[in-house]
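Undergrad: Mind docking chain L on chain V? Use the hints.
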Amino acid sequence: MALEDMRPPIETGCPDGFQYMHPMLRRNFGLWAYHEDPQPGVLLHVAKSGEKVWTVRAGTQRILDIFTLRKLCDIGDQQADGYVHFTIRSNIEYFVTDEAKVQPLIDALTEAGFIVGGTRNSVAMMSHTQGWLHCDIPGTDASGVVKAMMDELITEFKEWNMPNRVHLTTSCCQINCGGQGDIAINVQHTKPPKINHDLVANVCERPSVVARCPVAAIRPALVNGKPSLEVDEKKCICCGACFPPCPPMMINDAEHSKLAVWVGGNHSNARGKPTFQKLVAAGIPNNPPRWPEATAVVKNILNAYKADARDWERVGEWVERIGWPRFFEITNLPFTKYHVDTWKGARNSLNASTHIRF
Amino acid sequence: MATKHVTPMLDELETGPWPSFISGFKRLRDDHPDARINGLANGLLGQLEHSYETRKGYWKGGTVSVFGYGGGIIPRFSEVGHAFTESKEFHTVRVQPPASNFYTTDMLRQLGDSWEKHGSGLVTFHGQTGNIMFIGTDTSRIQHFFDEINEYGFDLGGAGPCVRTAMSCIGSARCEMSCYNEQAAHRHLVNNFTDDVHRPALPYKFKFKFSGCPNDCQNAIERADFAVIGTWRDDMRVDQAEFKAAMEKKGRQYIIDNVITRCPTQALSLNDDDTIAVDNRNCVRCMHCLNVLPKALGVGNDKGVTILIGGKRTLKIGDLMGTVVVPFMKLRTEEDFERIVEMAEEVVDFWAENGLEHERTGEMIERIGLVNFLEGIGIDVDPNMVSNPRQSSYIRMDGWDEAAVEWFEKKAEKAAS
Chain V
0 MALEDMRPPI ETGCPDGFQY MHPMLRRNFG LWAYHEDPQP GVLLHVAKSG EKVWTVRAGT
60 QRILDIFTLR KLCDIGDQQA DGYVHFTIRS NIEYFVTDEA KVQPLIDALT EAGFIVGGTR
120 NSVAMMSHTQ GWLHCDIPGT DASGVVKAMM DELITEFKEW NMPNRVHLTT SCCQINCGGQ
180 GDIAINVQHT KPPKINHDLV ANVCERPSVV ARCPVAAIRP ALVNGKPSLE VDEKKCICCG
240 ACFPPCPPMM INDAEHSKLA VWVGGNHSNA RGKPTFQKLV AAGIPNNPPR WPEATAVVKN
300 ILNAYKADAR DWERVGEWVE RIGWPRFFEI TNLPFTKYHV DTWKGARNSL NASTHIRF
Chain L
0 MATKHVTPML DELETGPWPS FISGFKRLRD DHPDARINGL ANGLLGQLEH SYETRKGYWK
60 GGTVSVFGYG GGIIPRFSEV GHAFTESKEF HTVRVQPPAS NFYTTDMLRQ LGDSWEKHGS
120 GLVTFHGQTG NIMFIGTDTS RIQHFFDEIN EYGFDLGGAG PCVRTAMSCI GSARCEMSCY
180 NEQAAHRHLV NNFTDDVHRP ALPYKFKFKF SGCPNDCQNA IERADFAVIG TWRDDMRVDQ
240 AEFKAAMEKK GRQYIIDNVI TRCPTQALSL NDDDTIAVDN RNCVRCMHCL NVLPKALGVG
300 NDKGVTILIG GKRTLKIGDL MGTVVVPFMK LRTEEDFERI VEMAEEVVDF WAENGLEHER
360 TGEMIERIGL VNFLEGIGID VDPNMVSNPR QSSYIRMDGW DEAAVEWFEK KAEKAAS
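Chains as they are written, first to last, in numbering that gives the first Met the number 0: chain V, 0 to 357; chain L, 0 to 416.
Next comes chain V alone, as it looks inside the complex (with noise of 0.2 Å):
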C-alpha cells in the first residue's frame, strides 16, 4: 500500500454500549428489582417500574460463518426486537419484552439447529481456546472436542438437572487461555522439547527463552558448531512455556502430548471464596476427530457430582464437602503420586490434621 493511502486511525477503544442495547434496558438500567427463571434457557427480569424483559438463551458453534451470523440476525429481527448480547461463554441472548413471544422466539432457534439452554443449575456451553485452528502453540483441537462434548452433554445444556451451573473450559497448551472451570479438560505434555538446534539461533532470542522457563532448565549450548539450546530433562516439566518464544523447542507430539481433567474451579464469591482448579485425570489420548476417552471422563465426574451432591454446590464445595478420597473413590479415579502437588506453596495443600473420613 502507498504512504499516501495509508489512513491515520481513529482512536475510539472500546465503543458505547448503550446505542446498542434494547430500549427497554436502557429505561430501566440500574432499576432492575428481581428476576425468576420461568424455564430453562430463559430468563425474566423485572424492573422496579414494573416493565418485565424476557431473555432467551441459546448456544451456537461460536466459530460463526457469515450464513449463520445473518441467520441469527434474522431470528433477531423476526422474532425478537433486533438487539442481541453474547454471554461470557459466547451464546447468544435475545430479548423480548411481550411473554407471548417467547416460545415463537425459542421455536425459530430451534428450527434453525441452534440449542436454547444454559441458564442456572445446567452445564453451560464451554468456554473455549483456538486450537489446531488458529492458535501458534496448541496441543490440541478446540471447536472440535467442544462439538463432540457438547453433542454428548446437550440434554445438561437444555435442562436444569445439575445441583449448580457447571461450567466446562478446555485449553489447548498448560497456559490455560481457557481458564478455571467447574471441570476444565487441558493439554499435558509429556515429554521435554525435542530441540531443532539449525533453528534456534535464527528464530530465537536465546535470553527471553532461557527466563521463560519456570524452572531454570534451559541454558544456552552451542550444537554442532551453532549457538542453540539445551534442556536438563531431569529438571523440565514439560510445559511448553519455552515453545511460544521459540518455536524449536519442539513441544508437541502427536502421541504425547495427552489430555488431563481438572476440577474445582470457580470464580464467583459466593458461598466460599474463589478456587482454582485441582488435577483429578491425565493420561488421557488426544485422540481427534472425537475425544471420546476425555469425554468419557468428564460424563463420569459429572454423573458422580449429579448424584452425590446438595443443591447450590458446586463440583469444588461438594468435593471440599466429601472430602478428596471419596471423590477417587465414587469416580474409580486412580489416585497417583502425580496428585501431590509440588509447586510453591506445595505444603499448604497437605493434610496436617486428624480429619479423615473412613
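One thing to keep in mind: the hints can contain errors.
Beta-carbon label-pair distances, calculated as ranges [said to hold, decoys possible]:
hint : chain 1 : residue 1 : chain 2 : residue 2 : range
1    : L       : E408      : V       : T353      : 29 to 35 Å
2    : L       : E352      : V       : A215      : 24 to 30 Å
3    : V       : A295      : L       : D105      : 42 to 48 Å
4    : V       : T189      : L       : E401      : 50 to 56 Å
5    : L       : E78       : V       : N331      : 38 to 44 Å
6    : L       : F407      : V       : S352      : 36 to 42 Å
7    : V       : N195      : L       : R331      : 56 to 62 Å
8    : V       : T189      : L       : D10       : 48 to 54 Å
9    : V       : T335      : L       : F407      : 26 to 32 Å
10   : V       : S352      : L       : T14       : 46 to 52 Å
11   : L       : T14       : V       : L30       : 26 to 32 Å
Because the hints were derived from the structure by calculation, they are not lab data.
Backbone N, C-alpha and C fix where the C-beta goes; we use that ideal spot for every residue, glycine too.
TA: The following block gives chain L in isolation, referenced to the frame of chain V:
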C-alpha cells in the same frame, strides 16, 4: 478454487445435535458466491484435517499490523502453505466489542458485510480476552477492513505486551445484583489507556475486567490484573413478605438447608415467626442468599466497588488470584471515575517501571511483596487485604512504633473527615 480437500475426520464433526462449525466452513466453501472465500474455506478445511490426522498445529506468528498501530492483529502464516495455498495467510483481527457485549442486528450485519468483503466470513463473539475475533484474512486486506470498520466506530483490541481489551458483565443493563455502572467504568478505564492498547510496550499483558457483583461473572479475580467488583456497604435489602412467600413455596426445610445454613459467616438466622434476621456487620457479601432468593433479598443502597490486583493464569509462576487493594470505593460521580483512572495509571506506571520482561502484575507483587507494591502506588495497608496476618516471625520490626502511630493517626484523620 483448488480441488476440494477431502476431510474424513472433520466430516465426523458434522454429526450430532450441537451446531457444527465444520458445516459452517463447508457452506463458505461450497455455497458462497465469492471464489476468494470458497478458496479460503477450502484451504482452512484442508489444513485443519491435516492437523487432525497428524495431531499437530501448523500456524506460525509474524508481524502484521495497521498503519499507526503496533498490535491488534494475530498474524498467522501456515507452515504447510504449499499444500493449502489459498489460506496460507490467515490472520485474525481483534476488535473491541461495545461495553457489555451489546449489538443491534443491524450492526452485526454491517460488521459481517465488511468482513465478507475483506476476510473469510468467519467470526467469533468473543475470544477469551473479550475481543470480536475476525478470523482469517491476508496482510493486504487487513488495512482496508480496519479502515472500513474504524470509520463506523470500531477499533482494534490489544495483542501482545499491552493493555488488553476489557470485559464487562451485562450488569446494570439487566441485572438486579449490579452495584455500579460497569459500562462506564469499563470505558473510562480502558479508553484512558488507548495508546497502551495499540502500541505494545509494557512488560506483558494487562487486563481489566468488570463484574457488577461478587458473583464475578467475568472471572475478574481469577484472570484480571485489575478486577473491579461491585459490592455494597450498608444493609442488604430484605423483603420479609417475599421471604415468607418463598418459604411457603419451597418449604421450611429448603430455606434452612439452602439459605440459612449456607451462609459462610453464619450471618443469617430464621426467626420464630418465619422472618429472616441478617447480621449485616458480619455479612461478607458472598451473594449466595441473594442468588437463591433474588425476590426477597437484594443488594444494599450504599453501592461501590472492591478492586483486586494481580490475577492471572499459569504462565510463569503458577495461577494467582487478585489481591484486595481497595476494599471499597464509591463509583458514581465524575470525580469517583477520575480517582479510579488515576489509581489505574499509578498501577500500570509502577508495573511498567518495575516489572520484569514477561512478568504480570501479580508476579511482580509476588516477587517484591504487597507492601512494596502498595508503597509504590501510594495506598495504605488495610487488614482487608490479607486472609490472616503474618505467621512467620522472621521479620525485622524496628519501625513498629512509627507504623502504629501512623495507623492511629490515619484512623483519626478518617474519623474526622
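Undergrad: To test your reading of the hints: which numbers does this structure violate?
TA: 1, 8, 9, 11
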